[in-house]
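Since each chain sits alone in its own frame, please combine them into the complex, following the hints.
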Amino acid sequence: MNAKGAVLSADEGMDRAVIEWLKEALKREIFDAVLIPVETPAEDAFAYLLIQNPAILDRASPLPPVMPVQGGKAIGRLTMRGHLNDRVAAVVRPCEARAAIELTKLKQAHLTNLVLITLDCPGVLPLSDYLEDPAAGAARFAEAAAQGDRSPMRPTCQICHRFSLAQAPGADLHIGILRNGDGAAVIVPGSAEGERILEKMEMTEGDEGTRLVAQMLERWSAQVEEVVDAQLERRRQAHAEVQAAVAGADRLLDTFSSCINCHNCQRVCPVCYCRQCYFESTALKLPPDNYLARAASKGALRFAPDTLLFHLGRASHMALSCVSCGACEDACPMDIPVGQVFSLLADRAQDALGYVAGRSLEDPLPLVAYEMEELHDVEQPYIEIYHEQEVQDA
Amino acid sequence: MPEGATSSAFTPKGLRTNQGADETVRQLLRSLLERGDVEAVLALGRTGTGEEGVAYSLFADPDAFAPDGDARPLLPFMPANGGGLLSRLTLGGALVRPVAAVIRPCELRAFIELMKLNQGSLDNVFLISFTCGGVYPLETAVDGGLDEGMRGYWQGMEQGELDAAVRPTCRACQSFIPERADITVALFGEEHLDRQCTLYLNTERGAAFAQGLEGTAVTGGAEHAAIERSRGERDAFREELFAGVDGGMRGLIQTFGRCIGCHACKTVCPICYCQLCHFDSPDCEREPGYYEAELRRKGGLRVPPDTVFFQLGRMSHIALSCVGCGMCTDVCPADIPVSTIFSKVAASAQATFDYKPGRDLEEEIPLRTFREEEFAQVAT
Numbered sequence: 001m002n003a004k005g006a007v008l009s010a011d012e013g014m015d016r017a018v019i020e021w022l023k024e025a026l027k028r029e030i031f032d033a034v035l036i037p038v039e040t041p042a043e044d045a046f047a048y049l050l051i052q053n054p055a056i057l058d059r060a061s062p063l064p065p066v067m068p069v070q071g072g073k074a075i076g077r078l079t080m081r082g083h084l085n086d087r088v089a090a091v092v093r094p095c096e097a098r099a100a101i102e103l104t105k106l107k108q109a110h111l112t113n114l115v116l117i118t119l120d121c122p123g124v125l126p127l128s129d130y131l132e133d134p135a136a137g138a139a140r141f142a143e144a145a146a147q148g149d150r151s152p153m154r155p156t157c158q159i160c161h162r163f164s165l166a167q168a169p170g171a172d173l174h175i176g177i178l179r180n181g182d183g184a185a186v187i188v189p190g191s192a193e194g195e196r197i198l199e200k201m202e203m204t205e206g207d208e209g210t211r212l213v214a215q216m217l218e219r220w221s222a223q224v225e226e227v228v229d230a231q232l233e234r235r236r237q238a239h240a241e242v243q244a245a246v247a248g249a250d251r252l253l254d255t256f257s258s259c260i261n262c263h264n265c266q267r268v269c270p271v272c273y274c275r276q277c278y279f280e281s282t283a284l285k286l287p288p289d290n291y292l293a294r295a296a297s298k299g300a301l302r303f304a305p306d307t308l309l310f311h312l313g314r315a316s317h318m319a320l321s322c323v324s325c326g327a328c329e330d331a332c333p334m335d336i337p338v339g340q341v342f343s344l345l346a347d348r349a350q351d352a353l354g355y356v357a358g359r360s361l362e363d364p365l366p367l368v369a370y371e372m373e374e375l376h377d378v379e380q381p382y383i384e385i386y387h388e389q390e391v392q393d394a
Numbered sequence: 001m002p003e004g005a006t007s008s009a010f011t012p013k014g015l016r017t018n019q020g021a022d023e024t025v026r027q028l029l030r031s032l033l034e035r036g037d038v039e040a041v042l043a044l045g046r047t048g049t050g051e052e053g054v055a056y057s058l059f060a061d062p063d064a065f066a067p068d069g070d071a072r073p074l075l076p077f078m079p080a081n082g083g084g085l086l087s088r089l090t091l092g093g094a095l096v097r098p099v100a101a102v103i104r105p106c107e108l109r110a111f112i113e114l115m116k117l118n119q120g121s122l123d124n125v126f127l128i129s130f131t132c133g134g135v136y137p138l139e140t141a142v143d144g145g146l147d148e149g150m151r152g153y154w155q156g157m158e159q160g161e162l163d164a165a166v167r168p169t170c171r172a173c174q175s176f177i178p179e180r181a182d183i184t185v186a187l188f189g190e191e192h193l194d195r196q197c198t199l200y201l202n203t204e205r206g207a208a209f210a211q212g213l214e215g216t217a218v219t220g221g222a223e224h225a226a227i228e229r230s231r232g233e234r235d236a237f238r239e240e241l242f243a244g245v246d247g248g249m250r251g252l253i254q255t256f257g258r259c260i261g262c263h264a265c266k267t268v269c270p271i272c273y274c275q276l277c278h279f280d281s282p283d284c285e286r287e288p289g290y291y292e293a294e295l296r297r298k299g300g301l302r303v304p305p306d307t308v309f310f311q312l313g314r315m316s317h318i319a320l321s322c323v324g325c326g327m328c329t330d331v332c333p334a335d336i337p338v339s340t341i342f343s344k345v346a347a348s349a350q351a352t353f354d355y356k357p358g359r360d361l362e363e364e365i366p367l368r369t370f371r372e373e374e375f376a377q378v379a380t
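Top line first, the protein sequences correspond to chains U and C. So the first sequence is numbered by this note's numbering: it starts at 1 and just counts up by one. So the second sequence is numbered by this note's numbering: it starts at 1 and just counts up by one.
Next up, chain C with everything else stripped away, as it sits in the complex (with noise of 0.2 Å):
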C-alpha cells in the first residue's frame, strides 16, 4: 500500500488548537522543516518585492511560515494547479525524503488522477489540503485586487458563505472536502477561525506529524451541516452555469468560434496528459498541398485549422479524470467558459462510468480498465 493511505489500524483523530487557522498552519509547516521532517513544503507564498506575485515556492527554510515569513499557505488563489506541480516536482523520480504539500481538494484529485496515469510518485509526498471555499479568479490578482477581497473571504468562510467573485467553478464545486489528505485543516464553516483551528488527523503520519501541536481532541468529522447546505446551493449554481452551455454542434460552434488556438487551457490543465499533444505535433503541420485541397471542398478554410477539433479531441482525452478546477477558463485570453463546458461534459462522462476522479488511487481511470465481455461487444 502507498504511504499515506489509511491503514485499517489507525483511527483518525481530530484536534482543536487555541490559534487561527493561518497561524496554525504556518506553526504546523514551520515546525515540520524545523524538526526535520520534511525536507520541503510546496505552499503558496508571496514573490517579488511588490504585493502582486503569488507562486508556488518550494520552502526550505522554516522563516517562510514566520507571521512575516513569504508564505501565504491559505491564499485563496492558484496561480498553477497544485496537483500538477507535484507531478512535475516527482516525474523525474519518487522523493526519497518526506516533502509536505499545501493544496486544495482539485489538486490533491488532479494529482490522484495523475498518479494513475503514471505521471509521478505520491511516495513520500505528505499531503495538507481544507475544506475549501474556492479561490478567486487570476485576473483578481492584477493590480493587488487579491488583498481586497479578503477580509469578505475569510467572513464567508466561517459562515460558510461562498464570495460571488470566486471562480464559477468553486461556486458549482461538489468535492470540496478534501479525501486522501493526510491532514484536513477545517475551514468552511467553521467558526472563529482566528483564534482555533480544527485539524482532522487522516493518517498515522498525519498524526505523528501533527505532534508539536497543542489542542484538545475533538470527535467527528470535517463533515457538518453547513456544508451539507453549501453542497445543497453549489449543487443548484451548478445546475444554472451547466444550463447556461449552448449545446449542439451550433453551440459548440459559437462558444468555441473566438478561440484563438493558443493551447493555452491545454498548458495549465494538470490532467491534459499527453507529453506531446497531437495539435502541436508534427502531424498538424501539413503540406500546403493539404490546405489546398481543403480549400477547394469548402470555398473557406480558417487558417489556423482544427480549432473545435482541438477542444473535441482535449475533451475526449480529459473528461473522465477532469476535477474542474477552473484554470483553464481563467487562462483564456478569449474569455471562452472552457471549465464550464469541460466540466458539464466530464459530469455526464464520469457519471456514465459511476467514476470520481482523484477520489481513490485504487479505483481504475474506466477507460484502462476492460472486461472481458466488452472485447466482446467490440468484436460483434
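Okay, chain U solo, but in the shape it has when bound (with noise of 0.2 Å):
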C-alpha cells in the first residue's frame, strides 16, 4: 500500500528543498514553467514571476515574509481570459490557492493547465512592519515562522485555521512543513493530478520508505489538527472581539470613520469580482443637486458620500468568497480592521449557507446555485401576501 505523499528532504533548508524539487519538475518537463514569489533586485519586497529560467528560479521564495500580491489576483491577471497552454506550477499560500478557486467559479480565473502547490502557512508580516527595516523583517519572520509563533504577523494570519491541506483541500500538492524534527517535509497529493504529478516524480516508495513517510504524515497531519484546534479558539475569540467593536450602526459607523474613499481595500482583494465598482462608476457621479440636497436635509453630507455604504456593498457582495487573506488590511492607508470585519462577516455568512471559500471548485457559489425550492421560497410569499391585494386594487 503506498502512503499518500512523500518526503521532501531538506537538509539544506526548506527553500532550497522546494526550489530544487520544482527544477526537477521543469527538467523532467512536467511543468514548462513555475509562478512563485521572488525577492526584487532592491531586496525590500518581494513580487510574483512567472519562470522558465531555472537560474531565476533559484532566487525564488517559496513562503516569503509578506504578501505584496495576493496570490489568487496574480493568478487571475494571467488566466483571466482563459486557460494557459503551458503547464504552470503556482507556489502559493493556502488562502491564495482558495482565492484562485473562488475566481474560477467566478469566471475570473481558469485553472486548466495551473497546478496549485501550496505550503503550511505561517502567516505574513504586515506589509508596512516588513518595510520598516526589510532585513530585520525577514528575520523576524523567520523566527517566528520557526517557532510556530504568529503573533507578529498580520492580525488576520494570526487567527487563521485553514493554513494547511485539511482545512483547504483545494490544491493539487501541499508541502507540509510543520515540524517533523527530522529536517524533512511531506509533500501530500490533494488531487489526481498531484497524484500523477508524484509518480512522474517517482516520488513512490519502496516499503521501507512507505512505512517512514506513513509515520511523517501521520506526525505531520496530528501537529497540523492540533494547531488548528488552538487557531479556531483563537479565531472564536478574536471574532468576538471584533464584534464587540463593530456590532451596531454608531460602532460600525466610527470603525470606518477614518476611511478616505481611496478603494485600496477592494483594489487588492483578490474575490472582489465586479469588473467596474458601483461605487466608482457613472451611476454615482451625481449632479450637484443630488448632493446639496441630502447635505441640506441631514445638515451635513460627507463627501465624498457612501463611505460606509461603499464597505457594506463590498462585503455583501464578497463575504461569501471571502478567504480571509488580510490583503485588504495591509493596504489600508488608515489601518481600519477591515479584514479582521471582514473575515467575521465572511465566517457567519459562510456557515449560515455550509460553504467555504476556495474549499473546492465543485461547491457552488451558493448565490449563483438556485434550487427549484428556493425560488419558490422567494414566490411563494409575494403571491399569498401582495398578489390578492393587487388584485383587488386593480
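These aren't lab readings, by the way, just hints derived from the structure by calculation. Nothing false has been slipped in among the hints.
With a straight-line cut-off of 20 Å between C-alpha atoms, the simulated SDA-like cross-links for lysine to any residue are:
| # | chain 1 | residue 1 | chain 2 | residue 2 |
| --- | --- | --- | --- | --- |
| 1 | U | Lys298 | C | Asp70 |
| 2 | C | Lys298 | U | Asn85 |
| 3 | U | Lys285 | C | Asn124 |
| 4 | U | Lys23 | U | Val38 |
| 5 | U | Lys200 | U | Glu24 |
| 6 | U | Lys298 | C | Arg72 |
| 7 | U | Lys200 | U | Thr210 |
| 8 | U | Lys298 | C | Thr49 |
| 9 | C | Lys298 | U | Glu39 |
| 10 | U | Lys23 | U | Leu198 |
| 11 | U | Lys107 | C | Pro282 |
Keep in mind the model is a prediction, meaning the values are calculated, not measured.
Dropping the structure here:
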C-alpha cells in the first residue's frame, strides 16, 4: 500500500528543497514554468514571477515574509481570459489558492493546466511592519515561523486555521513543513493530478520508505490538527472581540470613520469581482443638486459620500468568497481593521450557507446556485401576501 | 470671465479681526450659511462619535461651525485632495447657487487644473484658502495622533516654522500662498493667531461675503518676510529631497520594485484625469498566450506585469499638472516616496514649459496648446 505522499528532504533548508524539487520538475518537463514569489532586486519586496529559466528560480522564495500581491490575484491576472497552454506550477499560500479557486468559480481565472502547490503557512508580516526594515523583518519572520509564533503576523494570519491542506483541500500538491523534527517535509497530493505528478517525479517509494512516509505523514497530520484546534479557538475569541467593537450602527460608523474612500481594500482584494465597482461608476457621479439636497436634509453630507455604504456593499458582494487573507487591511492607509471585520462577516455568512470559500471547485457559489424550492420560497410569499391585494386594487 | 476671477475694477482689501483664526473662519462660514449666501460649505470635519475620523463634508447646517460644531476647517490634514472633491461635486453640472470651499493652496491649484481638463465647473464655487503650513501624513491620524501634534503645529505657524512631521512634500512646497482664492486667510508666520486674524479679500464676491465680519482695514498682502524666509528653507529642503531620488533605469526599477500594483496613487491623485486608466482597462487584460510569449522571450515575467510601465505612463500624463499635494505617497501601501519622485519629474517638466499648474485658469496646459511651427517640427 502506498502512503499518500512523499518525503522532501530539506538538509539545506526548506526553501532550497522546494526550489530543487521545482527545478527537477521543470527538467522532467512536468511543468513548463513556475509562478512563485521572488525577492526584488532592491531586496525590500517580493513579487510573483512566472519563471522558465531555472537560474531565476534559484532566487525564489516559496514562503516570503510578506504578501504584497495576493497570489490568487496574480493567477487571475494570468488566466482571466482563458487557460494557459503551458503547464504552470503556482506555488502559493493556502489562502491564495483558495482565492484562485473562488475566482475560477467567478469565471475570472482558469485553472486548467495550472497546478496549485501550497505550503503550510506560518502567516505573513503586515507589509508596513516589514518595510520599516526589510532585513530585520525577514529575520523576525523566519524566527516566528520556526517557532509557530503568529503574533507578529497580519491580524488575519494570527487567527487563520486554514493554513494547511486539511482545511484548504483545493491544492493539487501540498508541502507540509510543520516541524517533523527530522529536517524533512512531506509532499502530499490533494488531487489526482497531484498524485500523477508525484509518480512522474518517482516519489513513490519501496516498502521501507512507505513505512517512514506513513509515520511522517501521521506525525504531520497530528501536528496540523493540534494547531488547527488552537487557531480555531483564537479565531473564535478574536471574532468575539471584533464583533463587540463593530456591532451596531454607531460602532460600525466609528470603525470606518477614518476611511478616506481610496477603495484600496477593493483594489487589492482577490475576490472583489465586479469589473467596475458601482461606487466608482458613473451611476454615482450625480448632479450637484443631489449632493446639496442630501447635505440640506441631514445638516451635513460627508464628501465624497457613501463611505460606509461602500464597505457594506463590498461585504455583501464578497463575504461568501472572502478567504480572510488580510490583503485589504495591509493596503489600508488608515489602518482600519477591515480584514478582521470582513473575516468575521465572511465566517458568519459562509457558516450560514454551509460554504467554505475556496474549499473546492465542486462547491457551487451559494448565490449563483438556486434550487427550485428556493425560487418558490421567494415567489410564494409574494403571491400569498401581495398578489391578491393587487388584483383587488386593480 | 468666470466668476471669482479678479475683476480689474476691484481693489483687493485686507481685514484684521479681533478673534482667533479658527473663530474668524468659523464665524465667516456660519454667517454665510445663516444669511443664505451659500448653500453649503465644503470643509474638513470630524466624523463618527470618536475623535479619529476626519473627512471633508458638505456642511449645510450653520451650527457645524459653532465652537463645538463638527467642522474643523483649519485642521492640518488632507484625507482627500479637496480640488478633486470639488471636481466630483461639479462634474455632473455647474452649481446654480454658491457653495463655499475651505481648501489648501495645492487643492485649489488641483481644482484649477481640473477645470482646464473639463472636469467640473468653477461657477458659484466660492474659494477660501490660506497661507499653508502643510498637513500631517495620513498615518498620523491613526490612533488619535493628530491631536498630539496640534499645539506644536500652531506655535510653528505663528513663528513661520514648519513642523518637521508634516508631509515631506509640504516641507518642499514652493506654492503655499494661495492664488486665485476669493478670500485668503493669513496663517503662516502670523502673530497671535489665537486672538487676531487677517483676511485678504481678493475679489468683489470675497469682499461682499466677508461683510458681516468686524475688523480693521490693513494694507499690503499675504507676503511678508517670514514667508520669504520659509520659501528659502523649503527650497533647500526640496533640493535635499530631490537629491535623494535614485535616478536612471536602475533607480527607477529599484524604487518601484516594491510597487504592489494597487494603483492607489492613481485613485487618490486629484489630477490623474483619465476616466478609465489604460492599466485598469481591458487592453491590459491579456490572453494567456501573451504572457507565454513574453515568458519565452525573457525567461521570467513579473505577474501582474507593467509595474514600472504604469508609473511611467501616469507620470507622462500628469507631470505637467502635478500640484505636489502628496496624497500618492500617503496612500502607498509599499511606502514608495511616489510624490517626491513625481514632484521632481514635474518640476523639470513644468520648468521646460514655464508652466505652473493651477496658477491661472487662462494659462493652457502646454500639451493642449500647439503652435503652427510645432506641427512643422513634427512633420520634418
